[in-house]
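Work out the full structure: start from the sequences and follow the hints.
For the sequence shown, the numbering used here begins at 1 and goes up steadily by one.
It should be emphasised that the hints constitute simulated quantities derived from the structure, not laboratory data. Just so we're clear, the structure is a prediction, and the values are computed from it rather than from any experiment. The C-beta atom is built at its ideal place from N, Cα and C for all residues, glycine as well. Hints should not be assumed to be uniformly reliable.
Computed spacing ranges between beta-carbons, pair by pair [to be verified]:
no. : residue 1 : residue 2 : range
1   : P96       : A280      : 47 to 57 Å
2   : P96       : R276      : 44 to 54 Å
3   : R72       : D143      : 39 to 49 Å
4   : A29       : Q274      : 52 to 62 Å
5   : P59       : A200      : 13 to 23 Å
6   : A260      : D162      : 44 to 54 Å
7   : H21       : E108      : 38 to 48 Å
8   : A29       : G271      : 46 to 56 Å
9   : R73       : D248      : 12 to 22 Å
10  : G281      : E165      : 49 to 59 Å
11  : T198      : S8        : 19 to 29 Å
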Amino acid sequence: MHDLTSASWETEDIDVDAYLHRLGVERDAPGLDLLERIHAAHVRAFPFSNVDVLLRQHPGVAPAAITEKLVRRGRGGYCFEHAQLMAAALEDLGYPVTRRLGRVHAPENGRTHLTLHVGVEGRTYLADPGFGLSITGPLEVADGAERHEWTGVYRLERQSIDGVEHWLLRRNGEFAHLTDTLRVVPRDVRSAHLTTSTDAFGSTFLRRLVVSRFTEDGHVTITESTRTTRRPGRDTVQERLGPREAVDAARALDVDLSDAEAERLHAILAGWQQDREAAAGAPAARQ
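In structure tokens, the structure reads:
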């Protein structure tokens, strides 16, 4: 078994300088401070978005496609794109990086979340840029390690399952994701993406709109029917949205949609709303 190199992950197809420019982060010696700055800037620069999955036009998660979609367009994406992008940049800057796959929300779910374990000065840190509402900076991979953010307390717990080391991330005590330490190869990531983007029965991302982003003053999540706004020290605000409002709200979080794409997305969301209302016997609502 050979070690995977950067070339195995096609990281040469990711424009690291353009990525760092979009983040507003300059090259520096690898250390915890630089990792903190990159992680924080990443989750503010790029939205989490499953729009391309819903539109059935996802370009795939090969690094060349990620550069075009996230770095060039700033369109946003999900974990397979966010984590590979950050991994390529960190490796280019001199960090040792290991890709890790995990299970979201429950230990019985598939391995459909990609995170990073990053080596810094003899220690290992979790980087999790593609989870929507998650850590905004590195969390040491150590049993009981905690990171206190305004969104809550994030805690890692070590578990051994069938003899394999796992790391459970909790947010305010609730299960976020369970990451194992099995070897991950590029085909694993592409297979997980294929499941997430095409499995109509098993993938939430084919049944819901999910767009989120950290903003200058908080965090916003858009679904097909709601906008949830969180701000430090203030109550969470949830607003009902109609299909057109949901599309506009996604665009407001910098999900780059052409007018034709916006109309297609609106048609999908409006169809879902009609199905819900028909099932409930409710009168038609706003479009």
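Here's how the hints hold up against the structure:
Separated by about 53 Å at the C-beta atoms, P96 and A280 satisfy the suggested range of 47 to 57 Å. Between P96 and R276 the C-beta distance comes to about 48 Å, which sits within the given range of 44 to 54 Å. In this structure, R72 and D143 meet the distance hint of 39 to 49 Å, their C-beta atoms being roughly 40 Å apart. A C-beta distance of roughly 56 Å is found between A29 and Q274, which places it inside the suggested range of 52 to 62 Å.
A hinted range of 13 to 23 Å holds for the C-beta pair P59 and A200, which are about 20 Å apart. Restraint check, A260 to D162: a C-beta distance of roughly 48 Å satisfies the suggested window 44 to 54 Å. Between H21 and E108 the CB atoms are about 42 Å apart, so this pair conforms to the stated range of 38 to 48 Å. Taken as a hint, the range 46 to 56 Å holds for the pair A29 and G271, whose Cβ atoms sit roughly 52 Å apart.
Range check, R73 to D248: Cβ separation about 19 Å, and the 12 to 22 Å hint holds. For the hinted restraint 49 to 59 Å between G281 and E165, the CB-CB distance of approximately 51 Å keeps it satisfied. Against the hinted window of 19 to 29 Å, the Cβ-Cβ separation of T198 and S8 comes to about 25 Å, which satisfies the hint.
Going through the hint list in order, the structure satisfies each hint without exception.
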